[in-house]
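K.L.:
Sequence:
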Amino acid sequence: MRVIFVRVPDHQRGYALVTRADGVRYRLNDGPVTGRIPHDLTHFTVEHALGIGDGIWAAIAGGVVFSSMTHVSGRRPPHAAQRSAGLMRANGDNLNKAELIANLVERTEAGESTRELSGYLRGRHGWAVAPGALDVAVGRLRAAAAEWAALEPGDELVRVWPAALRLSAPARGHRGVGPARGRRGGAPERVAGPASARRGAGRRSRRVA
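Quick note, the sequence shown lines up with residues 5 to 213 if you use our numbering.
Honestly, the hints are just simulated from the structure, not real lab data.
One thing to keep in mind: the hints can contain errors.
[As the list claims (entries may be wrong)] Here are the in silico distance ranges between beta carbons for each label pair:
no.	residue 1	residue 2	range
1	R29	A173	13 to 23 Å
2	R119	S77	43 to 53 Å
3	E116	G55	15 to 25 Å
4	R80	G115	36 to 46 Å
5	R119	R31	35 to 45 Å
6	G136	T74	37 to 47 Å
7	L155	H83	11 to 21 Å
8	H15	V162	19 to 29 Å
9	L155	R126	34 to 44 Å
10	A134	G158	17 to 27 Å
A virtual CB, placed ideally from N, CA and C, is assigned to each residue, including glycine.
With the hints as extra help, turn the sequences into a complete structure.
P.N.:
Pasting the structure below:
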């Protein structure tokens, strides 16, 4: 999956152009742009570095269409909306986890304490970063932030998402845990746990289109 992050002028709403492996292309809208790395590029960088196969970008690769995504070109497969909704229902908890992991890496890069958030991820989601992997993710996030800061309006940053990291269709009859909320439309995300774990999570909402 090929992703082009477009550097628009400051304070305009940013976007990325996503071309899935099946040739279908979407525009993924983000928040207002500044010299700071965009939220969706942060997620891409962190999830790619950690090999997360059930996060935001694996969901997009697998067929999830969030409400911030606009179809640009390419023939969408039959029952695409049903597939997207099914993937969201089956993986809502994992998508929320991906929000927290990105937040963890951002805060680590900024030199902030992540002890409570790390403990929450272990206790609530059974997730703990492998030795050395967090340092790799932080390093890649810093590099991506520097790349973004060097761009001029009209420039592009091109990324390729690994084909192996994509959500698969849920088994028939699987009900899942419900869609992730709080990133791209809909009610604000309710993340149980300590306040420090919630800080920074779910800055924008994600909802199935």
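K.L.:
Tell me the numbers of any earlier hints that the structure contravenes, in ascending order.
P.N.:
7 and 10
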